[in-house]
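Trainee: Sequential numbering from 1235 applies to the sequence shown in my numbering.
Just so you know, not all the hints are guaranteed correct.
Okay, derived cross-link-like pairs now, SDA-like style, lysine to any residue, Cα gap no bigger than 25 Å in a straight line [as the list claims (entries may be wrong)]: (1) 1368 - 1306; (2) 1385 - 1444; (3) 1380 - 1370; (4) 1368 - 1404; (5) 1274 - 1310; (6) 1368 - 1418; (7) 1336 - 1362; (8) 1448 - 1423; (9) 1380 - 1333; (10) 1380 - 1425; (11) 1336 - 1414; (12) 1385 - 1434; (13) 1484 - 1467; (14) 1474 - 1416; (15) 1385 - 1302; (16) 1362 - 1393; (17) 1380 - 1293; (18) 1284 - 1321; (19) 1483 - 1442; (20) 1336 - 1381; (21) 1474 - 1427; (22) 1329 - 1378; (23) 1385 - 1295.
Across the chosen pairs, the derived CB separations fall in these ranges [said to hold, decoys possible]: (24) 1397 - 1281: 34 to 40 Å; (25) 1380 - 1420: 14 to 20 Å; (26) 1413 - 1377: 17 to 23 Å; (27) 1281 - 1364: 25 to 31 Å; (28) 1324 - 1468: 39 to 45 Å; (29) 1282 - 1454: 48 to 54 Å.
Since the hints were derived computationally from the structure, they do not count as laboratory data.
Using N, Cα and C, we set each Cβ at its ideal position, and we do this for glycine too.
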Amino acid sequence: MWVMKKLSIILCLILSVYWLIPHVVIYFYAGLNLTRLGLKNAWLSVDGLKKMPNLTHLTLEFSRLDDEDLNQLNECFPCLHTLNLIGVGGLKDPKIHLLQLKTCRWEVSNVPRSLAVLAPNLVSLELKCVRPDKLILDTPSLSTLKLTIEKLGATVQVDGLASLTDLRIESLDLSYLFLVFVGSRAIRMLELELPESASQYDLLEAVNPDYLLKMLARISEVKLGPRFSCGLTLCLALCKDSGFKSCLKKLLIHVPQSESSFQLLPLFQICAPLCEGSDGNGELGSNPVYTNWELVCLLACTVLKHRTRLINKAIRSGAELANGVTGVKSTEHRCQL
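Could you put the whole structure together from the sequences, leaning on the hints where they help?
Mentor: If you want it as structure tokens, here you go:
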């Protein structure tokens, strides 16, 4: 189905081709002067592909692209500012090499041997992949990186991340990822989450607890997702040292609804004297700024509230059970009468 909309400023072409058609060959001509292009559920051939210098936004979703290394894409769409490749198959050694690219979202559907992004003006990159043998990021202007990866390969070249300040990682390969992407960089905000398939014990096996705590202490703003927060309670229980200098000033954490939440104590102890603390469950109160010891006290209150809920639940269950037994006896007595 072809849908073409002509707006006051831009021309936009959206194509959706379903897999009922075995092979679709699409030819573009420079005369179209498109600025935005979206293709979904298609099998795309680059034979006869013409250069489109006006195209600034390109999105390919759940499609097969017969361009193993993305050479044709780089050559024919040189002025892209935004590129979204979501579930695009047919790639073996893809390399994005676009000089004007500023925003990129790349969700790799298969397992290519290498992934490379060479974009000097790229500011934001969201990359989701499995375990590429080689990863190259030559993006000196990149400030925001969201990385979802199962495991890094043996070859990683990320020296061109001089401007990186905001980093999100969803993975269990934390020790290696911290070494590569955090290291000596001036990371301002770090967000961590575990894969959906991970259990609460996997974090303990993936990274040394003391090393993890020291890495968090180097960041001024830390956001911990629900699964990571749950795994952190077990991990921090084995910490041996929390008496070191910390830069942590803002903390977002999902406090588990259990007594094990008190095991987060080492994390709160490394907060700066004044820390902006909040959580996804509202357990830390409404005041956004706390001292580190106030956070510790609030955490203790969270544990006490959890115990109180358990006691009240047990009392209600006992009362309901007692009422049920009394009701049965009363019924039996009426029957006898």
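Trainee: None of the hints should be skipped; say for each whether it holds.
Mentor: Hint-by-hint comparison with the structure:
1. Our distance criterion of 25 Å between C-alpha atoms is met by residue 1368 and residue 1306, whose separation comes to about 21 Å.
2. Between residue 1385 and residue 1444 the alpha-carbon distance is near 22 Å, which keeps this suggested pair within the 25 Å criterion.
3. Our distance criterion of 25 Å between C-alpha atoms is met by residue 1380 and residue 1370, whose separation comes to about 15 Å.
4. Between the alpha carbons of residue 1368 and residue 1404 the distance comes to roughly 19 Å, so the proposed pair stays at or under 25 Å and holds.
5. For the suggested pair residue 1274 and residue 1310, the alpha carbons sit about 19 Å apart, so the restraint of at most 25 Å is met.
6. A hinted pair counts as satisfied when its Cα atoms are at most 25 Å apart, and residue 1368 with residue 1418 qualifies at roughly 22 Å.
7. Between residue 1336 and residue 1362 the alpha-carbon distance is near 18 Å, which keeps this suggested pair within the 25 Å criterion.
8. With a C-alpha separation of about 15 Å, the suggested pairing of residue 1448 with residue 1423 holds against the 25 Å cut-off.
9. For a cut-off of 25 Å, the pair hint linking residue 1380 to residue 1333 stands: about 21 Å separates their Cα positions.
10. For the proposed pair residue 1380 and residue 1425, the alpha carbon gap of about 9 Å is at most 25 Å, so the pair holds.
11. For the hint linking residue 1336 to residue 1414, the alpha-carbon distance of about 23 Å falls within 25 Å, and the restraint holds.
12. At most 25 Å may separate the alpha-carbon atoms for a hinted pair to count; residue 1385 and residue 1434 meet this at roughly 18 Å.
13. This hinted pair checks out: residue 1484 and residue 1467 have alpha carbons roughly 19 Å apart, not beyond 25 Å.
14. In summary, the hint linking residue 1474 to residue 1416 is supported, as the alpha carbons are separated by about 23 Å, within the 25 Å threshold.
15. Distance check on the hinted pair: residue 1385 and residue 1302 sit about 22 Å apart at the alpha-carbon level, within 25 Å; holds.
16. Between residue 1362 and residue 1393, the direct Cα distance comes to roughly 20 Å. Compliance with the 25 Å bound is thereby established for this hinted pair.
17. Pair hint residue 1380 plus residue 1293 holds up; C-alpha atoms about 18 Å apart against a cutoff of 25 Å.
18. With a C-alpha separation of about 24 Å, the suggested pairing of residue 1284 with residue 1321 holds against the 25 Å cut-off.
19. Distance hint between residue 1483 and residue 1442 is fulfilled; the C-alpha atoms sit about 23 Å from each other, no more than 25 Å.
20. Between residue 1336 and residue 1381 the alpha-carbon distance is near 17 Å, which keeps this suggested pair within the 25 Å criterion.
21. Restraint check for residue 1474 and residue 1427: the C-alpha separation of about 23 Å stays at or below 25 Å, so the hint holds.
22. Proposed proximity of residue 1329 and residue 1378 is supported: the alpha carbons are some 20 Å apart, at most 25 Å.
23. With a C-alpha separation of about 24 Å, the suggested pair residue 1385 and residue 1295 falls inside the 25 Å cut-off, and the hint holds.
24. Between residue 1397 and residue 1281, the C-beta spacing of about 38 Å keeps the proposed range 34 to 40 Å intact.
25. Checking the proposed 14 to 20 Å range against residue 1380 and residue 1420 shows it holds: the Cβ atoms sit about 18 Å from each other.
26. Judged by the Cβ atoms, the range 17 to 23 Å given for residue 1413 and residue 1377 holds: they are separated by roughly 21 Å.
27. The hinted window of 25 to 31 Å between residue 1281 and residue 1364 holds, with their beta carbons roughly 29 Å apart.
28. Here the CB-CB span from residue 1324 to residue 1468 is close to 42 Å, well matched to the stated 39 to 45 Å.
29. A C-beta distance of roughly 52 Å is found between residue 1282 and residue 1454, which places it inside the suggested range of 48 to 54 Å.
Going down the numbered hints, you'll see the structure goes against none, and every one checks out.
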